[in-house]
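Position one of the sequence shown corresponds to residue 7 (this note's numbering), numbered consecutively onward.
Simulated from the structure, these hints should not be mistaken for lab results.
Quick caveat, the model's predicted, so the values are computed rather than measured.
Cβ atoms here follow ideal geometry from the backbone N, Cα and C, with glycine treated the same way.
Keep in mind that a hint or two might mislead.
Said to hold, decoys possible - In silico SDA-like pairs for lysine to any residue, Cα to Cα no more than 25 Å straight-line:
{"no.": "1", "residue 1": "Lys278", "residue 2": "His99"}
{"no.": "2", "residue 1": "Lys278", "residue 2": "Ala229"}
{"no.": "3", "residue 1": "Lys225", "residue 2": "Phe296"}
{"no.": "4", "residue 1": "Lys200", "residue 2": "Pro45"}
{"no.": "5", "residue 1": "Lys257", "residue 2": "Arg323"}
{"no.": "6", "residue 1": "Lys250", "residue 2": "Glu226"}
{"no.": "7", "residue 1": "Lys250", "residue 2": "Phe296"}
{"no.": "8", "residue 1": "Lys257", "residue 2": "Lys200"}
{"no.": "9", "residue 1": "Lys225", "residue 2": "Lys278"}
{"no.": "10", "residue 1": "Lys254", "residue 2": "Phe296"}
Said to hold, decoys possible - Label pairs and their in silico Cβ distance ranges:
{"no.": "11", "residue 1": "Phe12", "residue 2": "Arg323", "range": "38 to 44 Å"}
{"no.": "12", "residue 1": "Leu230", "residue 2": "His262", "range": "36 to 42 Å"}
{"no.": "13", "residue 1": "Trp30", "residue 2": "Leu73", "range": "19 to 25 Å"}
{"no.": "14", "residue 1": "Ile132", "residue 2": "Phe305", "range": "39 to 45 Å"}
{"no.": "15", "residue 1": "Ile306", "residue 2": "Leu272", "range": "31 to 37 Å"}
{"no.": "16", "residue 1": "Ala91", "residue 2": "Asn40", "range": "26 to 32 Å"}
{"no.": "17", "residue 1": "Phe12", "residue 2": "Gly274", "range": "29 to 35 Å"}
{"no.": "18", "residue 1": "Leu273", "residue 2": "Ile98", "range": "29 to 35 Å"}
{"no.": "19", "residue 1": "Ile319", "residue 2": "His262", "range": "18 to 24 Å"}
{"no.": "20", "residue 1": "Arg255", "residue 2": "Lys225", "range": "41 to 47 Å"}
{"no.": "21", "residue 1": "Arg323", "residue 2": "Ile289", "range": "37 to 43 Å"}
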Amino acid sequence: MIVNNFNFFLILFYTFAVTVTSIWFALRFNLSFNIQDKPNKRSLHNKSLPRTGGIIFIPIILLVWFLAGIDSPLYLSFTIISLMAISFLDDIHSISAAVRFIFHIISILIFVLYLDITLNFFNLGIIVLFLVWMSNLFNFMDGSDGMAAGMAVIGFFSYAIASYMVGDFSFALENGIIMMCSLGFLFFNFSPAKIFMGDVGSISLGFLAGAMGIIGWQKEIWALWFPLLIFSPFIIDATTTLLKRILKREKFWQAHREHYYQRLVLLGWSHKKTALVFYIVMICLALISFYINNYNNKFILVIILFFYCLPMIYIDRIWKEYLLNNRSSDNK
7 MIVNNFNFFL
17 ILFYTFAVTV
27 TSIWFALRFN
37 LSFNIQDKPN
47 KRSLHNKSLP
57 RTGGIIFIPI
67 ILLVWFLAGI
77 DSPLYLSFTI
87 ISLMAISFLD
97 DIHSISAAVR
107 FIFHIISILI
117 FVLYLDITLN
127 FFNLGIIVLF
137 LVWMSNLFNF
147 MDGSDGMAAG
157 MAVIGFFSYA
167 IASYMVGDFS
177 FALENGIIMM
187 CSLGFLFFNF
197 SPAKIFMGDV
207 GSISLGFLAG
217 AMGIIGWQKE
227 IWALWFPLLI
237 FSPFIIDATT
247 TLLKRILKRE
257 KFWQAHREHY
267 YQRLVLLGWS
277 HKKTALVFYI
287 VMICLALISF
297 YINNYNNKFI
307 LVIILFFYCL
317 PMIYIDRIWK
327 EYLLNNRSSD
337 NK
């Protein structure tokens, strides 16, 4: 596919405009089809809102890819459609975590097998589990206004810039379209949110974050650590929280409010402040990623890991104090 600069940015503009118009239309005429996000043990909200954002903007991504003539592999679109289908069913009628997990593994395994990468059985399993985890952790982190959508904008923008810099304009446009759809959705999802993306949006975006990272590595646009570092705020928060719940022998698959971003909101931070802080962190990490990718200074990765630990330890400490104070208040 040959893309000149004018067409490149025109397609991105149209993508954004179509997404904003479609979501506005759905909200204006209340086309939620009774698919509502009702407050539960995991929620940081106290009222129901439509969770049809993903049902709107994920198909727009696939449609614009097709209309723009992007050389997107058919198996990539097939996997997204498969994940959308099971997620849509889950949004309508709750499906057990085990059934969803098995379906995700099968769909993503087919995608990885079609990739033009020579893998032994062990590495195949690692990549499949990584993509399954990326799909689900985006869902776990989609619990605060503007959080997942904003991180998607920054992450896929970074992918697009990196691809554009090496001259792979088709892959840059492919990621740019995801970014512009996420940005269009963010206009309605930033605090105070008017709509949520639901499982269709979060599962699909999580898979795309991991899949585009793998494809970019396959194309030798970036090293494998590049997408991991860019999306590390989500990866580290979700993974650390999961491991803690497993070690405490809790039912980690059940709804909870123990993610670090959830703790910040419960400790008094607004949804807006929490999202903006995560945005700043991710933008800084994206800039560092570009620096390391260009100058091959991997020692910075060790420093970043160290500085991740400090705020997490601090939040753990004040969270314990918060729980103790609440228990003391309940006992009075």
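Status of the hints after comparison with the structure:
no. : hint                        : result
1   : Lys278 - His99              : violated (30 Å)
2   : Lys278 - Ala229             : violated (33 Å)
3   : Lys225 - Phe296             : holds (17 Å)
4   : Lys200 - Pro45              : holds (14 Å)
5   : Lys257 - Arg323             : holds (23 Å)
6   : Lys250 - Glu226             : violated (35 Å)
7   : Lys250 - Phe296             : violated (32 Å)
8   : Lys257 - Lys200             : violated (31 Å)
9   : Lys225 - Lys278             : violated (37 Å)
10  : Lys254 - Phe296             : violated (38 Å)
11  : Phe12 - Arg323: 38 to 44 Å  : violated (54 Å)
12  : Leu230 - His262: 36 to 42 Å : violated (31 Å)
13  : Trp30 - Leu73: 19 to 25 Å   : holds (21 Å)
14  : Ile132 - Phe305: 39 to 45 Å : violated (25 Å)
15  : Ile306 - Leu272: 31 to 37 Å : holds (32 Å)
16  : Ala91 - Asn40: 26 to 32 Å   : violated (19 Å)
17  : Phe12 - Gly274: 29 to 35 Å  : violated (48 Å)
18  : Leu273 - Ile98: 29 to 35 Å  : holds (34 Å)
19  : Ile319 - His262: 18 to 24 Å : holds (20 Å)
20  : Arg255 - Lys225: 41 to 47 Å : holds (42 Å)
21  : Arg323 - Ile289: 37 to 43 Å : violated (27 Å)
Hints 1, 2, 6, 7, 8, 9, 10, 11, 12, 14, 16, 17 and 21 from the list above are not met by this structure, while the remaining hints are.
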